[in-house]
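Chain by chain, the residues run as shown.
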Amino acid sequence: MTVSYVQRRFEAVFFQVLINGLFLSSIFSIVALGFAIVYGIARIMNWAHGEFYMLGAVGVWLFGRQLGLPYFAAAIISIVVVTLIAVGIERAMFKPLRGLHLPGFVASYGLSLVLQGLVFMAFSGHPRSYPKVINETLTIGAFSIGWQRVVIIPLAGLCLLSVFWFMNRTKYGIAIRAGIQDSQAARLYGLRMNTLCSTAMALASGMAAFAGVMLAPLFSIEPGMGLFVMWNAWIAVCLGGRGNLGGCLMVSAILAFMTSFIDTYLGAYYSLIAVAAFFLVGLAIRPRGLWKGMEA
Amino acid sequence: MNMIKGRYSGKIAIAIGTIFLFSLMFIVRSPYLQHVMIILLQTITLAVSYRFITLSGQWTFAHCTMMGVGAYTSAILSTKLGCPVWISWPIGIVITCFTACLLGLLIVRTRHVYFFFATWAFAYVVEITWKKLWFPFGGHDGIRNILRPGPWFNSEAHFYYLILGITLISLVVLYKLEKSRFGRTLVCINENEDLARSIGFDAFRFRMLAFIIGSAFAGLMGGFYAHYAGFIGPDDFGWMLNWFIVIYIVSGGSRTILGPIIGTLIFVPVMQILAVYRNYITIAMGLYTIFIIMVAADGIEGLIWRLRHPGEVGVSRALR
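Here the protein sequences come in this chain order: A and B. For the first sequence, my numbering assigns the number 1 to the initial residue and increments by one for each residue that follows. For the second sequence, my numbering assigns the number 1 to the initial residue and increments by one for each residue that follows.
The shape of chain B in the complex, shown without the other chains:
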């Protein structure tokens, strides 16, 4: 017990967890459960990269839309122009970064909820464009028969290992970025912008970079989703999914990287179970959101933190 509480406990836990995740495909044999696992891992990466953007105090509402930009780019390049998947996927990420850059130039100066709504407007415009333009986006029908990444990808298990690798690498990269000088500058800019500017940090540039980096991960996931599902449509990246990401972060908490992961691990399986009761799903989602916010405005993670540190004030950084 003492050894577990020692300084290596975190690393041991991570190692055991990684081995467990890699061996999971030998235990879970049902394709449906494997599919749920893949979606779960993909959503975790999305949520964690979303949290990276919120480090600078910007809550975007276009994260799923950015994922859609990556997905559509990669799908169009590979199906209509015959581009190999391993080239079209990175191009999708680059286009996503470019889109994020253009959008950021317009609206990064706005703060908090105003940024949120400006990105909402952007998501709205993009969704309508996807639905209205038959060429090249396929309108309401979307794009079908998207190539798989290679001939050897023929079962869910292969995709599981692919997404597991991508997710682990993304988590490590985002964690290191947050702990680096860059990430700490972002936190500083969020906490006191005037102070950060007086030291000489260009708040605009740091916010832009955070937005672009977060969106790049969304583009990465979009490419994965397009080539995994084989079909994409405007509803796969609609405003409901944008909302889901916000709810993962708000319900899980955004104090550390664990918050979005907790939120996703609770919410995605619950939604998969509730999908049976179609008529009640909106009420269930609304009640869940209200309940979480009323009980803990800084998420489940903040609740655990407060239970372990009674008497200390602990409102999450990004939620003020």
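With the rest of the complex left out, here is chain A:
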């Protein structure tokens, strides 16, 4: 009797850690991949990347809940609007700051404050919620979870696959990879850096907004929601070797499973500490990232 209880308990916890880990790693990797692409091509640490994620979720809430559009229409409009905003910002603000690490970072932090402040002013800081689109639950043995959460995993996988297809098979994607590898040589071959940077920014902000749109029915929507995801995405880029997209995905998966495991057993505060400690120790062992990346 006790054996079966222990087994059931183990089953429940195991699946919870597994599904939550997959869920978190898909979100982290979508945000981190966009961040890494923009950093690679424009050499700007765009801290406001997390704000695009926040704007995506706020957009779904605004168009779907306030204006009464169906979820999918609201999602598409929100992604398009966020992408346009991001490209405008890239043209106006990031262009003169390309390659300047610290000024670019500090300016993008200022931008993130401005975006958060604007959302706060327009919709106030109350956490909002969006009704679930899929209400069924998935049950495996003693464990059950909402399909809403599970569906995100294949959707994110599809998004990542299409981004990798774009980066490896299309003209623009290959040009962006060339720009990440060596921007001067790419320019010598006649690639337009301005176009490439804008394309990369559109791709990255679209991915971040996509993550925000997918998460809108699950998380509470508030101006400060970008920080948690951005923090993990940053660590993934920093430890994965900057510009190394595969390493970035690996580290996001490690962070996600660590967070999920420690959240389940100890609590959310300890997972924050564990992630920060992992980051510090990782940097102490390999200051240039766990995998080989480009030169900073």
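None of these hints come from the bench; they were simulated from the model. Bear in mind that the values here come from a model prediction, so they are computed numbers and not experimental data. Backbone N, C-alpha and C define an ideal beta-carbon position, used for all residues, glycine too. Among the clues, some could well be false.
[To be verified] Facing chain B, a subset of chain A residues (Cβ under 7 angstroms, in silico):
hint	residue
1	101
2	110
3	113
4	273
5	274
6	276
7	280
8	285
9	287
10	290
Dock chain B against chain A, hints included.
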């Protein structure tokens, strides 16, 4: 006019400024303004010591956290163990140096923005620890009723003279350190590390020393803040204040010791005025940061420099 432009002009200006600062308490009578003056002087020391760390190319994000380490150590020693303030304060500085040393051993090998983020992670961990541990840090409530440095410290004016003395001495020490062989080696390591190593300078050791010295001044200010305010909590050394220091340096400039001072003198009063409009303060701060960076990536000081030397290239050393 010629005499003012002569070789003694700088010294005369400093002497007049010092006399002015010492006589300020006879002019400024309102306790609130005196409080603002004290915070201003304390922040100037923090910003200038931060700039000293950046000489070696390391931009830390844990400067206020280091200040908090000093403040908490001194506060705990004096309130819970009954240690006299003039002993607990130096112990706080020593503990801060020790913390900086441990952290530096882990992450001093990383560069630029990566160092920045590693110290950010450290600041994050420390802040959570302060908030979660009720003993001995007091959790969210912090530590109350911290002793004043002595029975004769009973008004803002006394603290003003104390912090003025400390600030002037710190500025002189940091200035001399920067002009000394040690400071010039730091600049050399920042500009070309391979060259510095080929001459035989141990870049790691110099970076560590710069980090520890800068953090020691932060610990000094932390002890002062704890015994001046009489109350400390985790939010007094949170990440927003860490950000403020970075913004002082970036907006003021880091070419010379004047840059952080200019940045602080502009930003602290502006923030005190804007504190009335609570809802707009983040937007104002963000717009200010973006504006400064877009107009002058090397700060107000760099802007003045470029206006006075038209045609010369002058990007600040630490901002490349």
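Hints, one by one, checked against the model:
1. For residue 101 of chain A, the interface hint holds, since its Cβ comes within 7 angstroms of a Cβ in chain B; the closest pair sits about 5 angstroms apart.
2. Here the hint on residue 110 of chain A is kept, as its CB sits about 3 angstroms from the closest CB of chain B, short of 7 angstroms.
3. The interface hint given for residue 113 of chain A holds, since its Cβ lies 3 angstroms from the closest Cβ of chain B, which is under the 7 angstroms cut-off.
4. Given hint, residue 273 of chain A at the interface with chain B, holds; its Cβ is 6 angstroms from that chain's nearest Cβ, closer than 7 angstroms.
5. Against a cut-off of 7 angstroms between C-beta atoms, the interface hint on residue 274 of chain A is violated, since the closest Cβ of chain B lies about 10 angstroms away.
6. A distance limit of 7 angstroms between C-beta atoms decides the matter here; for residue 276 of chain A the minimum to chain B is near 4 angstroms, and the interface restraint holds.
7. Checking residue 280 of chain A against chain B by beta carbon gives a least distance of about 5 angstroms; that is within 7 angstroms, so the hint holds.
8. A hinted interface residue such as residue 285 of chain A counts as satisfied when its beta carbon comes closer than 7 angstroms to some beta carbon of chain B; here the least separation is about 9 angstroms, so the hint is violated.
9. Because the beta carbon of residue 287 of chain A sits about 4 angstroms from the nearest beta carbon in chain B, less than 7 angstroms, this interface hint is met.
10. Look at residue 290 of chain A: its Cβ only gets to about 13 angstroms from chain B, farther than 7 angstroms, so that hint breaks.
Hints 5, 8 and 10 from the earlier list are contradicted by this structure; the remaining hints agree with it.
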